[in-house]
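A.B. asks: If you read the sequences in order, they're chains A and B. Residues 415 to 733 in the numbering used here are what the first sequence spells out, letter by letter. Residues 3 to 282 in the numbering used here are what the second sequence spells out, letter by letter.
Don't read these hints as lab results, they were simulated from the structure. Just so you know, even glycine gets a beta-carbon here, dropped at the ideal spot from N, CA and C. Mixed in with the good hints, there may be bad ones.
[Stated by the list, open to error] To give an idea of the interface, some chain B residues facing chain A are shown, with a C-beta separation under 7 Å as derived from the structure:
{"no.": "1", "residue": "R60"}
{"no.": "2", "residue": "G62"}
{"no.": "3", "residue": "G140"}
{"no.": "4", "residue": "R244"}
[Stated by the list, open to error] Dumping the calculated DSS-like pairs for lysine-lysine here, alpha-carbon to alpha-carbon at most 30 Å:
{"no.": "5", "chain 1": "B", "residue 1": "K254", "chain 2": "B", "residue 2": "K266"}
{"no.": "6", "chain 1": "A", "residue 1": "K694", "chain 2": "A", "residue 2": "K677"}
{"no.": "7", "chain 1": "B", "residue 1": "K266", "chain 2": "B", "residue 2": "K212"}
{"no.": "8", "chain 1": "A", "residue 1": "K494", "chain 2": "B", "residue 2": "K49"}
{"no.": "9", "chain 1": "B", "residue 1": "K196", "chain 2": "B", "residue 2": "K146"}
{"no.": "10", "chain 1": "A", "residue 1": "K492", "chain 2": "B", "residue 2": "K49"}
{"no.": "11", "chain 1": "B", "residue 1": "K146", "chain 2": "A", "residue 2": "K492"}
{"no.": "12", "chain 1": "B", "residue 1": "K196", "chain 2": "B", "residue 2": "K215"}
{"no.": "13", "chain 1": "B", "residue 1": "K196", "chain 2": "B", "residue 2": "K266"}
The primary structure of each chain is shown beneath.
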Amino acid sequence: MIISSIGQGMLWSILGLGIFMTYRILGFPDMTTEGSFPLGGAVCVAAITAGVNPFLATLLGVAAGMCAGLVTGLLYTKGKIPVVLAGILVMSALNSVMLFVMKSPNLSLLNRPKLTDVLEPLNLPEHYDTVFIGLVSVGVVIGLLCVFFNTEFGQAYIATGDNESMAKSLGIHTDRMTNVGLMLSNGLIALSGALICQHDGYADVSKGVGTIVIGLSSIIIGEVLFGELSFFERMLATVVGSIIYQLLILLVIRLGFDTTYLKFFSAVVLSLCMLIPQLKRALHLTTGFEKYTNRNHPDDLHDTVATRNAAPIDGKETS
Amino acid sequence: MSYEFTSTNDTGAEVSQVSASNATGGANRLEMRDCTVIVDNGMDETKQILSHANLSVRPGQFVTVLGGNGAGKSTLFNLIAGSITPTRGQIFINGRDVTSSGEEARAAYIARVFQDPKMGTAPRMTVAENLLLAMRRGQPRRFKIRDMANNHERFLELCAGIGNGLEEQLETPAGNLSGGQRQALSLIMATITKPDLLLLDEHTAALDPKTSKQLMEITAHTITTQHLTCLMITHRLDDALRYGDRLIVLQKGRIVRDLDANEKRSLSMNDLLQFFEDGF
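Chain A on its own, in the form it takes in the complex (with noise of 0.2 Å):
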């Protein structure tokens, strides 16, 4: 059962590396992620069961992810629509899509092929395909982000999201960073979904209630474990904080909670991770990761030092 967690932790990872493009780069949460997990998966089986090599089909899923990452980008860079409802729009339509899809609110791959198919020959253990599976696609995805966020685009991408009018002042077309990052990021999360729904053997319209939590629970946890960090560290990190989450649930399971209020106990863990900088402050406790979680506002401490010593003959002016 732990082989099978650690293995689902990293198939979830990716969703949690997609999150952490759209969360903690560009700094909003990105609601499509719950339209564009199942979308993949749905995009995925559909093609399966049409005869598609589970390979293509996987990238076919991708592909969907991203294009909505696409609409929401667009509605959101060029239609002003705030991000947050951008997302829920393209959220809700999705789930239409995925219905118009797979013809059917879900879709079994009962005796058809899937990408551990491959992993057949070599007879290993029970569960270990998951695993196997999980660690060439974290390894990819995770090199293919490295070489990324180190390219002329990727260090723009990150200026964007960090201070976007600097951005702008630099020449960055900062509209189309964020368009490319949700298009990234959705892919990404649609192919955690592919990968998930075959593992699952079932893809569903109703799989992405609640994976938002999962996602951004794997970054937090991440985060409260190992505190401040290097970008390549962040991003194993939150792998780390994926396993350690599947594991979690696994405990509940086995500690004979009704696995029907998974979602209420999913919920209470991310709630308690993002109180820990609260719970500190009010517990006046003190730990190597205080300066991390604090990482929202990383301006405090200098503009308290800015604004003292300020003293224009006058205040800033409006325009």
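With chain A's structure known, arrange chain B on it following the hints.
C.D. replies: For chain B alone, coordinates are given in the frame of chain A:
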């Protein structure tokens, strides 16, 4: 004290891009023709925050901009940088009509340093990463591995030239720098590509007097050695007197004084104070 407030309305239809670059705009780095900005205050009332501004800046000029609250200084800068578009009027940079091009497009010519040290740098990226971003100002960002190794030496040199220890912080996230260091970094980032036009928006105002003085000296040195064309908003009258070879004063959305280098030299602190008192 003589000044010229041109109010000639030459925004006629005959001013096409071609004729502009041949005739008038060619010699000027920046030219604003009859720029007016009208905003809606949300209660069916309109307000002119800049009216009929005409301004020509020749290459190499260092113009200090003075004005009280709501005089339109920031509006003027936002207009030049492309953050807002004029309700009426035209803006030319190097003789090219850029009135309708956005901030991202104008970034190729214009660099800007803001009052708030937070505005000009990406806090989570290191000093070196910020500098590397600035080196590609106005150029397309390609899917090409960034070239940090070959630029490291130059970054060290540039930062060492500032003299506040920035060169030891190349791998520090910009958000962890002091206000003075961060503003110095913003200045290096703005001048690293030798922009056609440098806009300084009260860039020393948020710093303590000593740091502010240092940064101002570095700024003046950079402008002189690189022969930059610069507009600088300042609230410090002594800075306005000491630096620059031209002074313009804004009041209630109008350019009310425009003094050249000679007139500026003969100016005293009291004259400047008088400008302000006239208006209020």
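A.B. asks: Confirm or reject each hint.
C.D. replies: Status of each hint after checking the structure:
no., hint, result
1, R60, "24 Å, violated"
2, G62, "23 Å, violated"
3, G140, "4 Å, holds"
4, R244, "16 Å, violated"
5, K254(B) with K266(B), "22 Å, holds"
6, K694(A) with K677(A), "26 Å, holds"
7, K266(B) with K212(B), "25 Å, holds"
8, K494(A) with K49(B), "25 Å, holds"
9, K196(B) with K146(B), "23 Å, holds"
10, K492(A) with K49(B), "28 Å, holds"
11, K146(B) with K492(A), "27 Å, holds"
12, K196(B) with K215(B), "23 Å, holds"
13, K196(B) with K266(B), "26 Å, holds"
The earlier numbered hints that this structure contradicts are 1, 2 and 4.
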